[in-house]
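Chain by chain, the residues run as shown.
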Amino acid sequence: MSKENEMKNNSVNEAASEKKEQFSLNDDRRVKVLSPGAMVAKRFFRNRIAVVGLCILAFMFVFSFIGGILTPYGENQQFYTTEYLNKPYAGAVMNEEFRYMSAPGQDFRADIQAQLIRANNKGETEFTWLNVTYGIIQEGEGFYRVTNADGSDLGIAFTDTVKSSIAGQTLSYEFTLEALRAYANNTGSFTVDGKTYTVDEGGGVVEGDKDVAFISRYIVNAISPDIFLSRQFQEELVEELEAGAETFTFTGEDGEARTYLIEYRPDVKQWQIKQAEPTRVYDKYASPSLEHPLGTDRHGMDMLTRLMYGGRISLVIGIIVEFIGTFLGMIMGGLAGYFGKWVDQLIMRIVDIFYCIPSTPILIILGAAMDALNVDPSLRMLYLMLILGFLNWPGMARLIRGQILSLREQEFMTATEAGGIRVSRRIFKHLIPNVIPQIIVSVTMGMGGVIITEASLSFLGLGVKFPYASWGNIINDVNNTYVLTNYWFIWIPAGALLLLTVLAFNLVGDGLRDAFDPKMKR
Amino acid sequence: MRKYIIKRLLLAVIIFFFVMLIIYTVLRCLPSSYVETIAREKSQQPGSKSYQEWLDQLNAMYGLDKGIIPGYIGWLGEFFTGHFGDSWKYTVPVIDKFNEVVWLSFEMGVITMILELIIAIPLGIIAATKQYSKTDYTISILALAFISLPTFFFIALLKLVFCIKIQIPDPATGSMMGLFPLTGLFSRTYNQMTPVQQFFDRAWHLVLPITTLVIISIGGLMRYTRTNMLEVLNADYIRTARAKGLSEKKVIYHHAFRNTLIPLVTIVGGSLPGLFSGALFTETMFSLPGIGYISYNAMISGDIPFSMFYLAFLAILTLLGNLIADILYAVVDPRVRLA
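Residue numbers (numbering that gives the first Met the number 0), protein chains in the order written: chain A, 0 to 521; chain B, 0 to 338.
Wrong hints could be hidden among the right ones.
[Stated by the list, open to error] When the alpha-carbon atoms are kept at most 30 Å apart in a straight line, the in silico DSBU-like pairs for lysine-lysine are as follows:
no. : chain 1 : residue 1 : chain 2 : residue 2
1   : B       : 2         : A       : 340
2   : B       : 249       : A       : 464
3   : B       : 164       : A       : 283
4   : A       : 340       : B       : 6
5   : B       : 133       : B       : 249
6   : B       : 88        : A       : 464
Derived from the structure by calculation, the hints contain no laboratory data.
Please read all numbers here as calculations on a predicted model, not as lab measurements.
Could you put the whole structure together from the sequences, leaning on the hints where they help?
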């Protein structure tokens, strides 16, 4: 305790008490008495840098532990967004080959179809196949009717196609035949089943003023079978196809104009029509906005929330690891320091051995092994804490042993011995409390180190694993150069928090050391 | 003195024995499916032996079919007779791969150490001589900040600033490129360059890694220098020197600094073997083929022979470092009596 401080206290108290009552010079009440703890606190709070460190730490704890509760989002809550993707919508092809249709009750088999083409190419009007003679009647250009030997229809072969304009309506053989015949010969109208239809030049088949079907050389089919393409759509599309356009805008019945992309694929002589369709995807790497102040990460999770939970994990791991290390170190160091001789020799050699173990490579190997075995992420975190804690004790043991070695020789220890106090009580009640200042300083400084180690391992993907957040595994994304370049909000906040936390622990540790032992102040 | 060194050496050998026993046990206690996984992977490579053959071979090769202690004794025997085995990942003898990559790490380590000494020691001394001044606070806080800096984050920042944001025209093609390369040790056109160009190309690739290493290691030495200098400045002989009427310059650089050198020489000497140990994070993030990066890849792919060798190598370096520090301590400071 420095005299300077006491003098200062005295003068301050004197000034204050002048106004109140006068005490005699040697009155105890004139001197404000501070407990050792209060003195330490006073010295600590006079150190501005250490107080800054303490404020940062306080902020980190609030941010991580209370922030996680206040945030409206969960640790692993994923957000979605709508993206427009060009999905295949329809396909179109110009029909150059015959299509076939069997008459009711007839079977226009594939072998007969082949014979028809052969005969037609030779210009014959009839052909014989399997002892049956079939007749070919040309109804129009690229439109033939095939008859059986008895003159009845077997079926028709045509290149212009007839498509229904009404969803769900199937067109009969009779209708198809008559419609094509009317279209080919430009007769304008035909009658089927007592109904009269008219055929216009564009190929539309109308009953009264109702569209029934239309005839076209192009075949347009939707990719998905539950989409019905209206006649108007098909006609407008065909116009665009013939004009060689690359996009096509169509206003549907709902009055909404949609734009389609047309791609011609020369290898199969087909057109593919693509529609920009809204798709639900993870809202990944979203820029900072009001909803997500720091954007979202590659899984579409809110970055700020991840940082809060990451901080929680980093701090908890730091605390637990330091606790394990201190606990083991206290026992081993206490035993070594108190008993000396062979116990000390043995424990210190064990400490030497542990000092010599290359901890980072060991942690990497264990991490890789856990990867290979697909260890559950939460179990992994537990192992990580245990391993780090176990690798942490030798430093603490060495520190405590050194302190105890010198304390052991002091008079108060002789007094405890003379008083017949139990050994365990002498170590843990009288020796260890005297080492507590050093332990506190060492734990505070050590926390920074543990947090860095954990973050480094998580950064390599060998520590805390997804779905758990950790500042280290958040920064891990910078391994992707695109993220490094374009998404600062993914990794800079995490790195800054990590740096600040570690720095704060070091600053507070430094401040505490100076406060506990002003003589050592450098 | 000789007796002391021999005693320390013997102790180091014993410690090495137990350190490697622990490491061997840890690697052995990894669930056996780990070796099976490796064997399965190996057997799936084209033209490879069958799974069972690999498994048996691996087990026999690493004494996994024996108990831990006999297996360890076997490994130790092999190690000390110079048989380090073949690396699974690199499919060459471990020692060949090691010899190929360790020199880059050594080179980086030496350059880093020289820069570190040149920068950290003067700054530490300045901070100590101007204790409680603004300079002192700045240096102390900077030193703490450097100590607290997570390597990987610092590298990412450096890359963002110097490889992406700052662009210069490429002298060869005229297109824009980063001031420093993102990764690697050579440019693509390295083989077409003249030896002088090759030298500069290599140096150009090493600027950022070495900057990183210097920055992250400088803080500790700065603090250490400052603490020791302060201790010396409070000593009686410094007061005597001042009382004699020596100039402040002479007091500090002649009397005080020489005495500060005692702990500095010890700690620097002790870190000499560490020059070979490589920088795992820096090398990995810059993809530099040094011992750190190569062993990192070996370790994560479960290359047991290489990992065992690397761990043994690191343990030896640590022991050697402690030994050198202890001996130097006694050599430099005549007040120290060796027991």
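Quiz item: Are the Cα atoms of residue 164 (chain B) and residue 283 (chain A) separated by 30 Å or less?
Solution: 24 Å, holds
Exercise. Below or equal to 30 Å on CA atoms is what counts here, so check residue 2 (chain B) against residue 340 (chain A).
Key: 22 Å, holds
Exercise. With a cut-off of 30 Å on the C-alpha distance, tell me whether residue 249 (chain B) and residue 464 (chain A) pass.
Key: 57 Å, violated
Quiz item: Would the pair residue 133 (chain B) and residue 249 (chain B) pass a check requiring their Cα atoms to be no farther apart than 30 Å?
Solution: 24 Å, holds
Quiz item: If you draw a straight line from the CA of residue 340 (chain A) to the CA of residue 6 (chain B), is it 30 Å or shorter?
Solution: 18 Å, holds
Quiz item: If you draw a straight line from the CA of residue 88 (chain B) to the CA of residue 464 (chain A), is it 30 Å or shorter?
Solution: Measuring from Cα to Cα gives roughly 25 Å; hence the hint holds.
When the structure is compared with the earlier hints, a violation turns up for hint 2 alone.
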